[in-house]
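Novice: Make the full structure from the sequences, and use the hints.
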Amino acid sequence: MSTPIKYLLFQLPGWVLVGVILTGLRYWAGIPGWTALGLFLLWVAKDLVMYPLLRTAYESGVKTGAEQLIGTRGVAYNELSPRGYVRVRGELWQAEVRSSDPPVPPGSPVRVLAADGMTLIVKGEKA
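Mapping of the sequence shown onto the working numbering: residues 95 to 221, in sequence order.
None of these hints come from the bench; they were simulated from the model. As the structure is a computational prediction, the values presented were derived from the model and not from experiment. Please note that the accuracy of each hint is not assured.
As the list claims (entries may be wrong) - Label-pair distances were calculated between CB atoms; the ranges are:
#  : residue 1 : residue 2 : range
1  : Arg181    : Met144    : 36 to 46 Å
2  : Leu142    : Met95     : 16 to 26 Å
3  : Pro146    : Ser175    : 44 to 54 Å
4  : Ile164    : Met144    : 29 to 39 Å
5  : Leu148    : Glu173    : 42 to 52 Å
6  : Trp109    : Lys217    : 27 to 37 Å
7  : Pro200    : Met144    : 18 to 28 Å
8  : Glu153    : Gly211    : 22 to 32 Å
9  : Gly118    : Ile164    : 51 to 61 Å
10 : Met212    : Met95     : 20 to 30 Å
11 : Thr213    : Thr117    : 40 to 50 Å
Ideal placement from N, C-alpha and C gives every residue a C-beta, glycine not left out.
Specialist: What follows is the structure, given as structure tokens:
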């Protein structure tokens with residue numbers, strides 16, 4: 095679902111509530127219809143003005159866990175042939191090299207290419 099649609103769907107209950115309250119005020123407190131409509135449109139305009147400020151909170155493309163490590167460098171903790179462990183940003187991660195890549199000896203620098211669940215896919219780099 096696109097971000098603008100998600101934002102509008104979250105605003106709909108508020109619009110309905112404001113509409114019900116303003117309709118009640120129109121009939122019970124006697125406020126003019128144009129005032130109620132103006133207040134409602136002001137409320138909707140407020141939500142539209144706030145959208146650029148709140149858009150990032152509604153976006154779902156946030157990287158978490160192992161995905162945020164893609165592109166970073168680390169050090170092989172033990173030999174990766176093809177599986178082993180690497181230290182990236184001070185944490186020990188399970189890792190593997192692709193079958194087409196040579197084994198990586200312990201202490202060698204690696205670069206994170208991808209993440210498969212909680213396993214990092216790495217490639218050895220020259221020091």
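Novice: Determine for every hint whether it applies to the structure shown.
Specialist: Tested hints:
no., hint, result
1, Arg181 <-> Met144: 36 to 46 Å, "43 Å, holds"
2, Leu142 <-> Met95: 16 to 26 Å, "19 Å, holds"
3, Pro146 <-> Ser175: 44 to 54 Å, "50 Å, holds"
4, Ile164 <-> Met144: 29 to 39 Å, "33 Å, holds"
5, Leu148 <-> Glu173: 42 to 52 Å, "48 Å, holds"
6, Trp109 <-> Lys217: 27 to 37 Å, "52 Å, violated"
7, Pro200 <-> Met144: 18 to 28 Å, "53 Å, violated"
8, Glu153 <-> Gly211: 22 to 32 Å, "23 Å, holds"
9, Gly118 <-> Ile164: 51 to 61 Å, "54 Å, holds"
10, Met212 <-> Met95: 20 to 30 Å, "27 Å, holds"
11, Thr213 <-> Thr117: 40 to 50 Å, "57 Å, violated"
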